[in-house]
Amino acid sequence: MVPTGPYRLGNCDKIKPMVVVPKYVSWIAIALFALAALLPLIFMVAGSLVVDGRVSLSNYRTLLSDSGQRALLFNSVLLAFGVALGACLIGAPLAFLLQRTDLVFKNYLRYAYLLTLLIPPYMSAVAWIHRLGRYQWLNQFFVNMLGKDEAVLSVYNLPAAIFVLTLYYFPFITLMVESGLQTMNHRLEEAGSLCASPATVLRRITLPLIYPYLASGAIFVFIFAITEYGVPALLGLNVYTVVIFAHFSAYYNEAAATASAMPLVAITVTLVVLQRQLMGNRSYVTMESHTAHPSRIRLGKWQGLGLTFSLCIISLSVVVPIVDLLIGAGSLSTYQVALKTAERQIISSFLLSAVAATLIVILALFIAYFIEKSPGRGGSTIDLLTVLPFAFPATVLGIGLIKTWNRPLTQFIYGTYGIIVIALIARFIPFTIRVISSTLKSLSKNLEEAAGLSEPRWTRNFWKILVPLSRPGLIAGWVIAFILSSGEIGATLLVAPPGEATLPIRIHTLLHYGASKIVCALCVIAIIMTFLPVAILVSCLRRLRKFEGYV
Amino acid sequence: MIELKGISKGYRTIPVVENISFEVYRREFLSILGPSGSGKTTLLRLIAGLERPDSGEITIDGLTVSSPHTMMAPLQRRVGMIFQDLALWPHMTVVEHIEYGLRSKNISREAERRKVEETLRSVNLQEHGKRYPYELSGGEKQRLAIARTISLEPRILLLDEPLSSLDPLLKQAMQRLLCDLRETRDITCIYVTHDPREVMNSVGRMILLNKGKIERQGFYEDIRRNPASRFVEAFLMGTKKEGVEASPDRSET
Ligand SMILES: Nc1ncnc2c1ncn2[C@@H]1O[C@H](COP(=O)(O)OP(=O)(O)OP(=O)(O)O)[C@@H](O)[C@H]1O
Ligand SMILES: [Mg+2]
Numbered sequence: 001m002v003p004t005g006p007y008r009l010g011n012c013d014k015i016k017p018m019v020v021v022p023k024y025v026s027w028i029a030i031a032l033f034a035l036a037a038l039l040p041l042i043f044m045v046a047g048s049l050v051v052d053g054r055v056s057l058s059n060y061r062t063l064l065s066d067s068g069q070r071a072l073l074f075n076s077v078l079l080a081f082g083v084a085l086g087a088c089l090i091g092a093p094l095a096f097l098l099q100r101t102d103l104v105f106k107n108y109l110r111y112a113y114l115l116t117l118l119i120p121p122y123m124s125a126v127a128w129i130h131r132l133g134r135y136q137w138l139n140q141f142f143v144n145m146l147g148k149d150e151a152v153l154s155v156y157n158l159p160a161a162i163f164v165l166t167l168y169y170f171p172f173i174t175l176m177v178e179s180g181l182q183t184m185n186h187r188l189e190e191a192g193s194l195c196a197s198p199a200t201v202l203r204r205i206t207l208p209l210i211y212p213y214l215a216s217g218a219i220f221v222f223i224f225a226i227t228e229y230g231v232p233a234l235l236g237l238n239v240y241t242v243v244i245f246a247h248f249s250a251y252y253n254e255a256a257a258t259a260s261a262m263p264l265v266a267i268t269v270t271l272v273v274l275q276r277q278l279m280g281n282r283s284y285v286t287m288e289s290h291t292a293h294p295s296r297i298r299l300g301k302w303q304g305l306g307l308t309f310s311l312c313i314i315s316l317s318v319v320v321p322i323v324d325l326l327i328g329a330g331s332l333s334t335y336q337v338a339l340k341t342a343e344r345q346i347i348s349s350f351l352l353s354a355v356a357a358t359l360i361v362i363l364a365l366f367i368a369y370f371i372e373k374s375p376g377r378g379g380s381t382i383d384l385l386t387v388l389p390f391a392f393p394a395t396v397l398g399i400g401l402i403k404t405w406n407r408p409l410t411q412f413i414y415g416t417y418g419i420i421v422i423a424l425i426a427r428f429i430p431f432t433i434r435v436i437s438s439t440l441k442s443l444s445k446n447l448e449e450a451a452g453l454s455e456p457r458w459t460r461n462f463w464k465i466l467v468p469l470s471r472p473g474l475i476a477g478w479v480i481a482f483i484l485s486s487g488e489i490g491a492t493l494l495v496a497p498p499g500e501a502t503l504p505i506r507i508h509t510l511l512h513y514g515a516s517k518i519v520c521a522l523c524v525i526a527i528i529m530t531f532l533p534v535a536i537l538v539s540c541l542r543r544l545r546k547f548e549g550y551v
Numbered sequence: 001m002i003e004l005k006g007i008s009k010g011y012r013t014i015p016v017v018e019n020i021s022f023e024v025y026r027r028e029f030l031s032i033l034g035p036s037g038s039g040k041t042t043l044l045r046l047i048a049g050l051e052r053p054d055s056g057e058i059t060i061d062g063l064t065v066s067s068p069h070t071m072m073a074p075l076q077r078r079v080g081m082i083f084q085d086l087a088l089w090p091h092m093t094v095v096e097h098i099e100y101g102l103r104s105k106n107i108s109r110e111a112e113r114r115k116v117e118e119t120l121r122s123v124n125l126q127e128h129g130k131r132y133p134y135e136l137s138g139g140e141k142q143r144l145a146i147a148r149t150i151s152l153e154p155r156i157l158l159l160d161e162p163l164s165s166l167d168p169l170l171k172q173a174m175q176r177l178l179c180d181l182r183e184t185r186d187i188t189c190i191y192v193t194h195d196p197r198e199v200m201n202s203v204g205r206m207i208l209l210n211k212g213k214i215e216r217q218g219f220y221e222d223i224r225r226n227p228a229s230r231f232v233e234a235f236l237m238g239t240k241k242e243g244v245e246a247s248p249d250r251s252e253t
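These protein sequences, in sequence, are chains A and B.
Taking the working numbering, the leading residue of the first sequence gets 1, the next gets one more, and so forth.
Taking the working numbering, the leading residue of the second sequence gets 1, the next gets one more, and so forth.
This is chain B alone, in the form it adopts within the complex (with noise of 0.2 Å):
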């Protein structure tokens, strides 16, 4: 379980992320959503470690990983994050960008070969293994970013806005292919998103940030229901379930 307590972190003097505090459980998916610039990328980075909060902390599974005064290092916290400019490294095929990882899991070559050959198969890129980034198409890319994940085995996956630049239908895949591997594996998903459309599906619980604070959070449909604020309500629009009337309390506009 993750949970967040209070954590605030600013840039210079301005307030990026402002006492936020949730909670995450073990194998849940949990979305985060908000405008562009509030704060969604900060949050995910203070949660795998890459920055350090100015107050206020964070636990895994009742470990402090962060506070203003401890760190606990990225890679000892067993997180995975898509980033999202999916920061593929440029001069590594496919292959090798698995690779790089799991060479330093004290384990056979043998072992690390049919790791990374399974991984590829997971993500349906054992064809393009020799491939560097430049050579993949987008969803591709994106693909292989989500493969150099999870074939590090992270407890926590952090994705920051993987889909927002694949067309709809391969969003769809991409979020089918998500499922299934929260599924198989034993991971907590933290999804981040300025585009609402893309958890209307979700089942999993939301969390709505608005200039760094919590804005809202709870199911999908019961935030649709009752946005109980302008901001809410206005960042929701257009995003109705095909196939469900629109509700007569609910304004157009």
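Bound conformation, chain A alone (with noise of 0.2 Å):
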């Protein structure tokens, strides 16, 4: 009963006694994830300062003194800019238009909205190529009566890209000012609506509320785009990851290359950080059933107004390129012919995603359990390496695997499949963390501890308690990852071992004789393939939805 010893502050509380996974377990999947992911960009990184086995900044030298390099770098930041800016332009209204307002059908344009994830955007691509190729006449008509010395209708510049990958990135921003909006407490524009107009609310409440998320948003589909290898490839287009991979299959002066990519990393690396400070804690995605919101805005006369908008923004994404590719295949027997070229590569495709998918699912949820367990330096330290790679150029990440894994020891991953899922895993593993770690971040920690206290086995608790409650996050997380795999080419082709190849690739050499009937048949085929997993696991998510709000 006698007070002894005097207060002294430790630094105890940042050992948590009662986790559900085991630090130890935490570090192994972080040192995977450092293998797959980070070792590549060290060992560029540390190849271009090295010139004739002496450590020399000369490749950066060249780099300033040229000026291509500017121009590129200047190409480069404007497509991304571009498309971050159309897809904010197209992406934010139309999340306000689903989750504020009554507009008509908007139930099924939430999932139409998603379906343009399926359609990875070198495909649109192909469907925009074959278009035009049926424009031709226009063309030809412009040429004669204009005296214009160049095709007008064209796909292949600038413009053309940003336009294409704008209506793939999109969802992007929908989907996180979605979450904004529906994470944001109603009661603020209630509050707001009572002494102000729904203009004045919208303008000063709702607007500034989520503009973390719009910002960030623009930021992700910004390095998304300025990363993007498939889209400038096949348009021709003059920027970095295009060059750099001209430069390393032309060369194999990696090195050269790799530094010419500095100052565009230099760029996203700045802005992956902006972004986690926008972000702080908030969440990137809700999988929050979508109960009645009690204050919507009622659109009235402009109904109409509205739903042609999102009509149009669908059928620009989603309908007009299937529909595109469905003409350019023409007849099912071009299937029959497609799926016997390309049968080894479907099924790799297929199966590569699905795997690659899985590990990363299972690697981001013990990073990001990890990162949301420890306070202090060492998580978020952690936090910030695991979005670095996303800030490298696929070209560039892929020209790091090289380096990394084309070794005499490590041909039995390097000359196998094995590389191609650690690049897919090096690639969206970053997006991935964030999506799992704002779902472990909604989840009360005594839950947890609840488990702790009835069962010693981790393993258990990790599976029947932690596992369970995290299920709409890993779901959420997989299926982007499974999308994104099996449209991934800026870093499988230049990993991709000789002979082995998946869709994206013999799609993207397919491509070099003309978008043929062949490539539409496959690009529907693969459309399909990843459709029928993601449409399984939205069901299931669904169903979930029974538990959702009661966590």
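Errors might be hidden in some of the hints.
Claimed, not checked - Estimated spans, in silico, between C-beta atoms of each pair:
no.: 1; chain 1: A; residue 1: PRO375; chain 2: B; residue 2: PHE231; range: 30 to 38 Å
no.: 2; chain 1: B; residue 1: PHE231; chain 2: A; residue 2: LEU207; range: 42 to 50 Å
no.: 3; chain 1: A; residue 1: VAL538; chain 2: B; residue 2: ILE14; range: 42 to 50 Å
no.: 4; chain 1: A; residue 1: GLY376; chain 2: B; residue 2: GLY138; range: 35 to 43 Å
no.: 5; chain 1: A; residue 1: ASP52; chain 2: B; residue 2: HIS69; range: 52 to 60 Å
no.: 6; chain 1: A; residue 1: LEU188; chain 2: B; residue 2: ARG12; range: 24 to 32 Å
no.: 7; chain 1: B; residue 1: SER108; chain 2: A; residue 2: ARG276; range: 51 to 59 Å
no.: 8; chain 1: B; residue 1: HIS69; chain 2: A; residue 2: LYS23; range: 14 to 22 Å
no.: 9; chain 1: B; residue 1: ARG113; chain 2: A; residue 2: LEU207; range: 55 to 63 Å
no.: 10; chain 1: A; residue 1: ARG377; chain 2: B; residue 2: ARG230; range: 36 to 44 Å
no.: 11; chain 1: B; residue 1: ARG185; chain 2: A; residue 2: ARG457; range: 23 to 31 Å
no.: 12; chain 1: A; residue 1: ARG377; chain 2: B; residue 2: ASP186; range: 44 to 52 Å
no.: 13; chain 1: B; residue 1: ARG230; chain 2: A; residue 2: ARG542; range: 33 to 41 Å
Stated by the list, open to error - No farther apart than 27 Å at their CA atoms in a straight line, the calculated lysine-lysine pairs in the DSSO-like style are these:
no.: 14; chain 1: A; residue 1: LYS517; chain 2: B; residue 2: LYS105
no.: 15; chain 1: B; residue 1: LYS115; chain 2: A; residue 2: LYS464
no.: 16; chain 1: B; residue 1: LYS105; chain 2: A; residue 2: LYS464
These are calculated hints, taken from the structure and not from any lab test.
Computed from a prediction, not measured in an experiment: that's the story for all the values here.
We treat Cβ as the ideally placed atom computed from N, Cα and C, and that holds for glycine.
Take the two lone chains, each set in its own frame, and fit them into one complex as the hints suggest.
Structure follows, in structure tokens:
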């Protein structure tokens, strides 16, 4: 009863005695992540500093003096900026229409716009190339009548690339803004609407509150666009990813290629850090059930306009490309031929994406758990490290992977499908970690502690409590990783073992001979291949809704 | 017997619990009272072994379970805790909640089933075995949380404001349930609340916390008669027992 010992502040609050996943498991996951995603980057950056066996900045010096480099940077930034801006202009109003108004067919439109993600951007590029092919007579007409010396309607330029990529990436903005609108306490808006007009509430309350979501969505899209390889390559644009690839495959001078990517990496890393600050503890994707928001804005006579806007976007991004591809493929027999020519790639693409997505989700869960449970320096360092790979162009990452794994000892990985899986993990784990950690954030720690007080084995608590509770986030993470993986081309193109290829690579190769019927048919097959597992999982997710809101 | 010796705990640089020492005897029903933010939950978490103290030590039956250097795992201490937000698992049915902890105790399926049934009956939930937490009322949820904890036969039961969200009638019923449980099992209870009305019928000792320090301890009647400080007086204000005349020396403002 006698008070003993002076009060002293220890650093013990950093030691959390009760965690479901032991630290060492998380550290294993972090080590695997570093091996797959960080090591290539280190190898590459280090490699660019070595010239003729000596440390030198000469790769960078030539870079500064090269005016072509500046044009390249300008082009890349312009492309990414255009895409980010376009995606905001489309994505944010759509999110608002879906979340805050009484737009008709809203529930169908929510699923329809997500279908966009199933059609990789290189495929829409194929579709648009194909479409303009059919309008050749129109170009001929312009050339003849107006005396222009080149085709007016062309897809081989920057605006076309911006257009195609915008129509692919706007759902990321919509998802983020929707999650912002959903998690926002609607009482705030209601309190505002008692003393101001709806327009004022929108401007003074809603917009400032969703600004972090919009801005960080825009940053994501900017980075996705600037690191994108497929579309610029198809449309013959002079941007970093394409030039790096060309440099590498022509001269095998990866040191110069890497050095030339560094200005771009500097930009993206800055943006990634900025984005983290913007988002803070906010959630990226909310999987909450869409309960009726009490203060919906009645669209009234604007209903038509809202519907036209949404339908236009969805038809441009989903319907038109699919119809184009279907027309392009023509008869059913084309599909038979296509299946026969690319049977192997279809199966391997599907399996590789599924395996990669599964591994990504497992690693991401352990890493996200570690980040969530480690307050202070340690957690935020790991957090920052896990977003780094995101900032590197796909082709740079590909070169790094080659440098890391192309050694006699690691041929069992490099010469096989293993390297593709590693490439996919490195490319897409950062985004998945964000999605899963926002789910973990929403779980009360008492749920795990109650488990720890009932059951000593962490494995059982992990499988029976943590995994089921974070299932919506895990499924969403898997779906995103699977979709992105099955459309990846920038890194896989570089590392794919000779003779083995994924479906996107096969399509890319065939495209050199023009957008043929077979290519269109293969695109349709690829879309179906991605759609099926996603559709099954999303319907599972809807059934899981029954627990939501009670977590 | 649980003994706390000079326990302190802070988050970052802010002390939350400061130099707390007290004892709890076997089968005692100890109440810990204090306003919101006074460190009650933190104190319970320290006893449960969910937090590590910055200084001081906790012993159970003479064995040191918590100190800045040693931590015995919560399960080995055989403590049960009922969380402030109940922490029911949304994806499990009532029966699954109870089975979950029993599964780790090498008993036969038959014994397990009987144990589940018996536990559910003791909290009067036997009809709702197949339900999920969101299909239960507030009182039923509370009883499920209690059932999940007592099925593990803890030596020490820590209750963190388990009744605060219930209406007065239900509250009384639950308190009776807790008393019954304590009498039929060999359990030491530490009951935390911010509402003095919940403990004024209690016969056990109580501890009054204020800003992480013990303000007063003893029996309710003694403390009420002789508050000894402004804080205690203000905190207990308006909690006089039904039928007892207001003593002239206590102002009712
Ligand atoms: N994990 C934490 N990190 C930082 N501060 C914390 C943490 N947990 C509790 N605190 C702080 O410790 C103080 C005491 O918290 P505690 O939860 O123990 O209070 P309480 O008495 O249970 O209050 P209530 O009656 O509201 O539940 C509060 O000021 C709280 O802000
Ligand atoms: Mg509390």
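Verification of the supplied hints:
Separated by about 32 Å at the C-beta atoms, PRO375/A and PHE231/B satisfy the suggested range of 30 to 38 Å. For PHE231/B and LEU207/A, the hinted distance range of 42 to 50 Å is satisfied, since their beta carbons lie about 46 Å from each other. A hinted range of 42 to 50 Å holds for the C-beta pair VAL538/A and ILE14/B, which are about 45 Å apart. At roughly 37 Å, the beta carbons of GLY376/A and GLY138/B sit within the given window of 35 to 43 Å.
Between ASP52/A and HIS69/B the beta carbons are some 56 Å apart, a value that agrees with the proposed interval 52 to 60 Å. For LEU188/A and ARG12/B, the hinted distance range of 24 to 32 Å is satisfied, since their beta carbons lie about 29 Å from each other. Look at SER108/B against ARG276/A: about 52 Å separates their beta carbons, and that is inside 51 to 59 Å. Remark: the range hint 14 to 22 Å for HIS69/B to LYS23/A is upheld by a beta-carbon distance near 18 Å.
In this structure the supplied range 55 to 63 Å holds for ARG113/B paired with LEU207/A, their Cβ-Cβ distance being about 57 Å. Checked against the hint of 36 to 44 Å, the C-beta distance between ARG377/A and ARG230/B comes to roughly 43 Å, which is consistent with it. Separation of ARG185/B from ARG457/A is about 26 Å and conforms to the stated range, judged on CB atoms against 23 to 31 Å. A C-beta distance of roughly 46 Å is found between ARG377/A and ASP186/B, which places it inside the suggested range of 44 to 52 Å.
With their beta carbons about 57 Å apart, ARG230/B and ARG542/A fall outside the hinted range of 33 to 41 Å. Between LYS517/A and LYS105/B the alpha-carbon distance is near 64 Å, which puts this suggested pair outside the 27 Å criterion. At most 27 Å may separate the alpha-carbon atoms for a hinted pair to count; LYS115/B and LYS464/A meet this at roughly 21 Å. Between LYS105/B and LYS464/A, the direct Cα distance comes to roughly 16 Å. Compliance with the 27 Å bound is thereby established for this hinted pair.
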